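Chemist: Last residue of the sequence shown: 239 in this note's numbering, with the numbers rising by one and none dropped.
FYI, nobody ran anything at the bench for these hints, they're computed from the structure.
Bear in mind the structure is a predicted one, so any value in this text is a computation, not a measurement.
C-beta: ideal position from N, C-alpha, C; glycine also.
The reader is advised that the hints may include incorrect statements.
With beta-carbon atoms standing in for the labels, derived distance ranges [stated by the list, open to error]:
#, residue 1, residue 2, range
1, Asp223, Ala33, 17 to 27 angstroms
2, Arg107, Arg180, 20 to 30 angstroms
3, Arg231, Asp210, 30 to 40 angstroms
4, Asp24, Arg231, 37 to 47 angstroms
5, Asp81, Gly37, 22 to 32 angstroms
6, Gln235, Arg164, 21 to 31 angstroms
7, Gly9, Ala113, 33 to 43 angstroms
8, Glu15, Ile184, 38 to 48 angstroms
9, Glu114, Asp196, 21 to 31 angstroms
10, Gln235, Asp81, 39 to 49 angstroms
11, Arg164, Glu90, 40 to 50 angstroms
12, Arg89, Gln235, 36 to 46 angstroms
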Amino acid sequence: MRLRGRKGIRETIERQTDLIVLDPQNWKGRWAERFGNDKPIHVELGMGKGKFISEMSVLHPEWNFIGVDMYDELIRRAGDKARAAAGREDGGAPDNLALALFNIERIEDMFAEGELRRIYLNFSDPWPKKKHARRRLTHPAFLAKYARMLDRYGEIHFKTDSRSLFEFSLNAFADMNIRLRNISLDLHKDGPAPDNVMTEYETKFAGQDMPIHRLEAVIGEDALAEHVDRLKRQGVTS
Numbered sequence: 002m003r004l005r006g007r008k009g010i011r012e013t014i015e016r017q018t019d020l021i022v023l024d025p026q027n028w029k030g031r032w033a034e035r036f037g038n039d040k041p042i043h044v045e046l047g048m049g050k051g052k053f054i055s056e057m058s059v060l061h062p063e064w065n066f067i068g069v070d071m072y073d074e075l076i077r078r079a080g081d082k083a084r085a086a087a088g089r090e091d092g093g094a095p096d097n098l099a100l101a102l103f104n105i106e107r108i109e110d111m112f113a114e115g116e117l118r119r120i121y122l123n124f125s126d127p128w129p130k131k132k133h134a135r136r137r138l139t140h141p142a143f144l145a146k147y148a149r150m151l152d153r154y155g156e157i158h159f160k161t162d163s164r165s166l167f168e169f170s171l172n173a174f175a176d177m178n179i180r181l182r183n184i185s186l187d188l189h190k191d192g193p194a195p196d197n198v199m200t201e202y203e204t205k206f207a208g209q210d211m212p213i214h215r216l217e218a219v220i221g222e223d224a225l226a227e228h229v230d231r232l233k234r235q236g237v238t239s
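Could you build all of it, start to finish, from the sequences and the hints given here?
Modeler: Printed below as a string of structure tokens:
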């Protein structure tokens with residue numbers, strides 16, 4: 002992806018130290034310190050223009066959020082959306098949100114073991130050619146990294162409009178023996194899904210009646226135990 006940004010974009014984002022982190026690898030293992038609290042940390046990998054992560058940070062002040070992308074221009078746009086979503090008179094951003102400029106291929110350099118509660122993968126690049134399969138963010142090599150970074154209640158929430166990527170991902174999760182729940186092949190078939198914050202792409206695709214595929218992967222030990230216990234109470238398993 003090539004983006005044309007405004008002149009002086011680097012200077013613009015460098016000034017936003019309250020929101021934008023240009024050296025996120027230096028905060029590895031210390032993100033709680035960056036936020037000044039020990040709230041669970043949710044991360045969106047490949048946040049695009051930032052609609053999803055900005056709205057989530059406002060809706061859920063009980064969590065901390067980090068949006069990650071590798072393009073200066075997307076970081077700038079996400080910063081604008083974050084401040085607009087906060088709606089503060091002083092133009093400030095949500096206190097529980099940080100935007101990080103970083104290459105996801107090296108995500109293990111940004112987060113320590115057990116530092117995250119949830120990872121969002123929203124409309125990631127499907128990399129359709131077989132030779133690029135390892136670049137897909139649901140490839141087992143990435144899933145192994147995520148599993149190390151997630152805590153005992155860790156989960157991955159994944160949405161895509163690409164059927165081929167979704168099929169690939171289902172197999173990847175199965176290969177890693179990861180438990181899945183709330184699988185949907187057409188999330189908005191009966192209208193906008195409740196309790197679901199849309200991304201820019203999702204809003205566009207749903208408006209065109211394109212099916213959105215979604216799943217939740219249960220990673221952490223305690224998250225898995227709670228999931229199994231819930232199924233037992235529902236009489237689904239023994």
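Chemist: Taking the hints in turn, state whether each one holds.
Modeler: Against the structure, the hints come out as follows:
1. Asp223 with Ala33: 17 to 27 angstroms: 19 angstroms, holds
2. Arg107 with Arg180: 20 to 30 angstroms: 27 angstroms, holds
3. Arg231 with Asp210: 30 to 40 angstroms: Given a distance of about 32 angstroms, which is inside 30 to 40 angstroms, the answer is holds.
4. Asp24 with Arg231: 37 to 47 angstroms: 41 angstroms, holds
5. Asp81 with Gly37: 22 to 32 angstroms: 24 angstroms, holds
6. Gln235 with Arg164: 21 to 31 angstroms: 29 angstroms, holds
7. Gly9 with Ala113: 33 to 43 angstroms: 34 angstroms, holds
8. Glu15 with Ile184: 38 to 48 angstroms: At 42 angstroms between Cβs, range holds.
9. Glu114 with Asp196: 21 to 31 angstroms: Given a distance of about 30 angstroms, which is inside 21 to 31 angstroms, the answer is holds.
10. Gln235 with Asp81: 39 to 49 angstroms: Holds: the Cβ-Cβ distance is about 44 angstroms, inside 39 to 49 angstroms.
11. Arg164 with Glu90: 40 to 50 angstroms: 45 angstroms, holds
12. Arg89 with Gln235: 36 to 46 angstroms: 43 angstroms, holds
Of the numbered hints listed earlier, not one is contradicted by the structure.
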